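Use the sequences and the hints to build the structure in full.
The listed protein sequences derive, respectively, from chains A and B. Quick note on the numbering used here: the first sequence kicks off at 1 and runs consecutively. Quick note on the numbering used here: the second sequence kicks off at 1001 and runs consecutively.
Honestly, the hints are just simulated from the structure, not real lab data. These numbers come from a predicted model, not from an experiment. Don't take every hint at face value.
To be verified - Some but not every residue of chain B turned toward chain A, in silico, with C-beta under 8 Å: (1) LEU1051; (2) VAL1079; (3) ALA1085.
Stated by the list, open to error - Pulled from the structure, derived: some chain B residues nowhere near chain A, Cβ distances all over 10 Å: (4) GLY1057; (5) VAL1060; (6) ALA1230.
Stated by the list, open to error - No farther apart than 16 Å at their CA atoms in a straight line, the calculated lysine to aspartate or glutamate pairs in the EDC-like style are these: (7) B:LYS1081 / A:GLU172; (8) A:LYS115 / A:ASP125; (9) B:LYS1046 / A:GLU172; (10) A:LYS225 / B:ASP1082; (11) A:LYS278 / B:GLU1132; (12) A:LYS225 / B:GLU1132; (13) B:LYS1046 / A:ASP173; (14) A:LYS276 / B:GLU1132.
The C-beta atom is built at its ideal place from N, Cα and C for all residues, glycine as well.
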Amino acid sequence: MNVFQILSANFAYPFVRYALITGVLIALCSSLLGVTLVLKRFSFIGDGLSHVAFGAIAIASVLKITNDMPLVLAVTILCAVLLLRTGQHAKIKGDAIIAMISVGALAIGYLIMNKFSTSSNLSGDVCSTLFGSTSILTLTKTDVVLSIVLSVVVTAAFVLFYNKIFAVTFDEDFAKATGTKAGIYNLIIAVIIAVIIVLAMNLVGSLLISALVIFPALSAMRMFKSFRSVTICSAVFSVVCAVLGILISIVDGTPVGSTIVAVDIVGFLTALCIGKLKGAKAK
Amino acid sequence: MQLTAENLAIGYDARVIIKDLNFTVSAGDYLCIVEENGAGKSTLIKTLLGLLPPIGGSVVYGDGLKKNEIGYLPQQTEVQKDFPASVREIVLSGCQGHKGLNPFYSKADKQTAAQNMEKMGISTLARRCYRELSGGQQQRVLLARALCATQKVLLLDEPTAGLDPKVTAEMYGLIETLNRTDGITVIMISHDIQAAVRYATHILHIGNQVFFGTKNDYLAGDVGKGFVLAEGGGRA
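Put into structure tokens, the structure is as follows:
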């Protein structure tokens, strides 16, 4: 069978189609705020939050909650708000707090799963939560619908607050001094990040989420010069990489999450070269 | 009076850095704030902008000036040095303060931005990337942004830091025009005492000794005389 035959055979299954749809939406959402996170030096918040989400999933599975998304979402949003708050008041300790919470949540989550889980394949469960190995292919219809709704909400919120997010990211003091309520927009950014993290856990697992947020932004920043073009480019970059990654993983049977991240890395290196070439031409 | 500081005490976390500050700013003034030995200018700026609450005393805005109508020219931050944004996007973001919940910029906002870019002589740079500009060009961009936020008061934080002498002179000329021709009140924090006494109408001196008054009173008094001589002598 050639590649196309394998693909068309696979797309006969609804779960493969679901995976592709949610994959594209998640990739789109996660890239939108990447630029802001990278520029605000918040890259690690995404990482920390994803570990918190892992802890929340562990608790949900022990409590035998079948649909764990609402609980995980609530816990993650709460932590995002707390992290951003502390980051503002105690600037020096910000990254230490993030590290503390993220490692703490990871450890407690694993501990709880080990102690109370009744699952026969514990290490398999943990592995798929961390690396998202199969979870994208096991999405139920409810998950897919929820993902679509959340993606639409995130994208709409981003478009509506785009100018405000720009102002707050570029110069928070100026924005505050001239009457923009920076505190509220930071809060909105935090909530959006939390939603994105929980969404993206399905696709790449909690350890690889940061890649989905950071690589598109960094790649776009190498090649483009205005905030708008960087944002659009990182969205396109992210979606293309996600689609390629999912297709490759279907054909080759590789784990979805790490394949997407690998494609992201290749994309970043390409962007780096294009940026260098552009720079050389300009001079 | 656009701005009145009464018995103002400023500082962080209840730790007082400067106290008993009394000064006023009227429309059209050019006030230079000179500081001795890092007396706490950034704290003063944040207090005047309403980003930090005063520890004691008060800052009163008057003469039709609201708290949010002070245009601010900050010093460059680390974040901005690697920020991918075009000049137009940055200048336009100066209009954001008036927008409230309105998500998009109007035609009028875009026009204001274009006019202010024209005024600062950076219209040709509108599509260029901010991080690739020279120091003087970047300051003009931030000044145009501040003008989008207000036409009343500008608060400038060392606007010529890191600029070469020629660009520094151009910058001072630009600020003087805004003050004299457009009638915009200027409050400038400066290390450059020579420029301060040359352009300012009023001086606020903070440090071991505190002085507020017109430039001529400052130069005639002991605080000013000693400081101008020490600073000027050291440089010449």
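Hints, verified against the model:
1. LEU1051: holds, 6 Å
2. VAL1079: holds, 6 Å
3. ALA1085: holds, 4 Å
4. GLY1057: holds, 20 Å
5. VAL1060: holds, 17 Å
6. ALA1230: Its Cβ never comes within 10 Å of chain A, the nearest being 32 Å, so this holds.
7. B:LYS1081 / A:GLU172: holds, 15 Å
8. A:LYS115 / A:ASP125: Within the cut-off at roughly 14 Å; holds.
9. B:LYS1046 / A:GLU172: holds, 12 Å
10. A:LYS225 / B:ASP1082: holds, 10 Å
11. A:LYS278 / B:GLU1132: With Cα atoms ~14 Å apart, LYS278 (chain A) and GLU1132 (chain B) stay inside 16 Å; holds.
12. A:LYS225 / B:GLU1132: holds, 9 Å
13. B:LYS1046 / A:ASP173: holds, 9 Å
14. A:LYS276 / B:GLU1132: Satisfied, since the Cα-Cα distance of roughly 15 Å is no more than 16 Å.
In this structure, none of the earlier numbered hints is contradicted; all agree with it.
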